[in-house]
Amino acid sequence: MKSILSIRGVRVLTIILLSLSVAYLLTVFSHIDFKTDSFFDGLSSAFGRTNDAFFLFLTSPLIRVLSGEIHFNMMSFSQWLNQTTPLIFTGLAISLVFNIGVLNLGAEGQMFAGAVAGSCIAVFTPLPDLIHILLIFLVSAITGALWSVLPAYASYKKRNSEILVSLMMNYLAFYLGIYVIKRFIRDETSGALMSIKFAPSSAFPLINERYKLHVGFIFAILLALIVWYLLKKTRWGLKIKMIGSNPQFAEYSGIHNKRALINVQLISGAIAGTAGIFELIGFHGRFLWSSSPGYGWDGIIVAIMASKNPIYVPLSAAFLAYIRVGAQNMGRYTDVSPDLVKIIQAIIIIFLTTEGLFTSESFHPSFRKLRGHFHG
Amino acid sequence: MVNLLDILMNPSFYATIIRVSTPLLFASMGALIAALAGTPNVALEGIMLFSAFSGTIVSALSQSLFMGLLGGLASALMLSVILCIFSLKYKANIILTAIGINILSSGLTVFLLSAVSGQKGNTSSLQSAVFPQIHFEFLEKLPFFGEILNNQNALTYCAYISVFVVYLLIRKTPFGTHLKAVGENPDAAISVGLSVNKIKAIALMISGLLAGLGGIFLSMGYISWFTRDMTGGRGWIALAAQALGGKSVIGVTLSSLLFSTGESLSYSLQMADIPNELVQSIPFIITIVVLLVYLKVSDSR
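Protein chains in written order, with numbering that gives the first Met the number 0: chain A, 0 to 375; chain B, 0 to 300.
Among these hints, one or two may not hold up.
[Stated by the list, open to error] Below, in silico cross-link-like pairs of lysine-lysine (DSS-like), each with a Cα-Cα straight-line distance of 30 Å or less:
no., chain 1, residue 1, chain 2, residue 2
1, B, K246, A, K157
2, A, K157, B, K119
3, A, K238, B, K90
4, B, K171, B, K140
5, A, K257, A, K157
6, A, K231, B, K90
7, B, K295, B, K179
8, B, K179, A, K156
9, B, K246, A, K257
10, B, K179, A, K240
11, B, K90, A, K156
12, A, K240, B, K171
13, A, K157, B, K90
14, B, K295, A, K238
15, A, K156, A, K34
16, B, K246, B, K90
17, A, K34, B, K119
18, A, K156, B, K246
19, B, K295, B, K246
20, B, K295, A, K157
21, A, K157, B, K197
22, A, K257, B, K295
23, A, K181, A, K156
24, A, K156, A, K231
25, B, K88, A, K240
If you're looking for bench data, these hints aren't it; they were derived computationally from the structure.
Construct all of the structure, not just a fragment, from the sequences and the given hints.
Here is the structure:
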């Protein structure tokens with residue numbers, strides 16, 4: 000008897016619902032005012048305020064209610080799609096390395112390094128429009144791939160050693176990146192750390208001028224299809240999955256598989272390298288991150304929610320971006336902290352990576368006997 | 000303009016190294032114990048952060064330093080137990096579970112912060128307790144070194160004591176022997192009747208408690224409030240320090256001091272013309288190089 004929760008999609012949805020419920024209850028609890036005379040009045044007011052906040056949280060990326068009328072919320076919708084773009088890229092990057100069974104967690108640094116290198120190209124004028132944009136992407140991708148070389152080498156030498164090397168590379172990307180921005184392309188007239196404005200020829204096509212909805216998400220979805228095709232429909236993809244499911248196979252079956260191990264991580268680095276640059280050339284028009292934006296870390300949860308299958312990556316990235324945008328709106332108009340999203344993310348990661356949980360094997364033996372009894 | 004030589008001649012530069020090494024030493028000793036058991040503790044960052052938060056909150060609510068300490072340690076233990084349950088009992092990937100715990104800690108601290116104190120960024124409005132500085136009379140007469148070693152926070156001295164305690168634990172107790180057996184050869188450990196999971200769980204809990212002390216220093220030592228994400232990557236740096244120092248207490252202590260020197264230099268150099276981003280990246284470059292050289296050498300053997 001197979002538990003219904005061992006079906007992947009059902010499992011993911013169950014855990015998402017679980018995490019949202021926990022977030023809801025936490026919010027209710029944080030709103031209970033213990034000083035009121037009647038506990039139940041306090042409780043119902045806490046539920047009322049939580050419901051208002053959660054309504055905003057879960058609907059605001061799509062709709063906006065103005066004096067009883069429902070309007071389409073173009074601003075938040077644009078933000079949603081714009082925020083989905085980098086998450087698809089890093090989600091694909093992490094899915095790739097997870098498929099080959101490597102814990103290369105360097106997407107954050109690859110993304111940051113790629114964005115810094117791309118920004119250095121973006122400030123140059125004059126270049127023909129299309130060539131400029133292509134050059135920016137090329138440089139970002141190559142930088143990302145280079146940033147993946149050392150962790151890839153480490154994983155080639157010894158399994159799991161890539162974890163620490165890739166984590167260190169994230170720090171290196173941040174410190175060196177900020178140094179490069181400060182030293183070479185900083186806007187000296189601004190008090191905050193930001194680069195000078197990018198050249199107009201680097202500007203990315205916009206779908207919506209007012210809210211700066213750029214076309215990045217289309218490229219991201221196309222890339223997801225390409226990666227999915229490579230991974231699921233080619234011999235190369237089959238090899239990767241074999242290495243991923245049986246590391247000893249790669250160890251003893253010769254140089255070609257080891258080369259695949261390196262190649263996958265370089266491709267993953269190149270994809271992660273371009274994740275951040277969309278936002279800079281499409282939305283901000285300059286480099287203005289004074290801290291690392293975290294898309295690389297988000298790629299981990301996106302990949303986990305997508306069961307490391309590239310075809311599900313856009314969906315899971317869209318979900319994450321949706322609750323992010325919703326939470327930002329909630330934080331703006333209510334007193335609930337938008338950091339609630341991190342709690343939801345954490346619960347999703349912890350429960351989803353626990354394969355043994357919620358499947359029939361994880362139940363206590365006596366439970367299993369009982370279930371067996373019921374199901375004959 | 001500040002001269003590098005001036006910085007190096009100034010005892011306050013070294014006193015800063017000792018001070019900033021406090022959270023790092025605690026956490027890297029935690030990283031070491033976990034690494035010895037063969038289970039890297041990537042959750043150090045989140046555990047430190049949560050302890051820093053709950054230490055401040057509990058001490059502010061109870062107006063007691065001791066209760067704050069207990070609160071901080073209890074929350075460190077709680078997160079470690081969560082890590083153990085999911086990774087050891089339910090066989091989740093320990094790295095991914097730990098990343099989940101880090102995110103949980105980052106989110107939950109800010110969420111609870113605004114729920115408890117109504118503030119979004121920090122707890123500076125709360126009256127929370129602080130560990131005292133300790134003044135040694137006999138160090139006053141010692142020139143230069145006296146200035147460096149004297150008047151540090153009580154927890155700073157504890158951090159250096161904890162290095163000795165960890166050394167003794169690893170070298171002189173049966174638990175230390177079991178720890179290494181489990182880490183190096185789990186199959187052999189099972190065959191002599193050791194419970195691998197139990198020893199790993201204990202190692203992760205000790206590791207968490209040490210990281211918790213490091214977190215408590217951050218919000219109840221040098222400064223007296225909690226700010227969001229105040230650990231600033233120290234948990235990750237502790238992992239780097241452990242990787243650089245290998246599996247020896249002395250090695251990890253020295254590499255922690257190297258990272259602390261980098262941090263202290265970056266403070267001093269803010270006045271100087273040398274970019275502190277480059278200074279701060281040096282320990283990471285050294286760590287990466289050492290890791291890769293180690294991989295290359297151990298492979299060719």
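Results for each hint:
1. B/K246 / A/K157: Measuring from Cα to Cα gives roughly 17 Å; hence the hint holds.
2. A/K157 / B/K119: Status violated; Cα separation ~44 Å.
3. A/K238 / B/K90: Within the cut-off at roughly 26 Å; holds.
4. B/K171 / B/K140: violated, 36 Å
5. A/K257 / A/K157: Within the cut-off at roughly 11 Å; holds.
6. A/K231 / B/K90: Answer holds: A/K231 to B/K90 is near 27 Å, not above 30 Å.
7. B/K295 / B/K179: holds, 24 Å
8. B/K179 / A/K156: holds, 23 Å
9. B/K246 / A/K257: holds, 29 Å
10. B/K179 / A/K240: violated, 34 Å
11. B/K90 / A/K156: holds, 25 Å
12. A/K240 / B/K171: Violated, at about 46 Å.
13. A/K157 / B/K90: With Cα atoms ~22 Å apart, A/K157 and B/K90 stay inside 30 Å; holds.
14. B/K295 / A/K238: OK: B/K295 and A/K238 at ~26 Å, within 30 Å.
15. A/K156 / A/K34: Cα-Cα ~62 Å, so violated.
16. B/K246 / B/K90: holds, 25 Å
17. A/K34 / B/K119: holds, 22 Å
18. A/K156 / B/K246: Holds, because 19 Å separates the two Cα atoms, which is no more than 30 Å.
19. B/K295 / B/K246: holds, 18 Å
20. B/K295 / A/K157: holds, 9 Å
21. A/K157 / B/K197: holds, 27 Å
22. A/K257 / B/K295: holds, 16 Å
23. A/K181 / A/K156: violated, 36 Å
24. A/K156 / A/K231: Holds. A/K156 to A/K231 sits at ~27 Å (cutoff 30 Å).
25. B/K88 / A/K240: Roughly 27 Å between the alpha carbons, so the hint for B/K88 and A/K240 holds.
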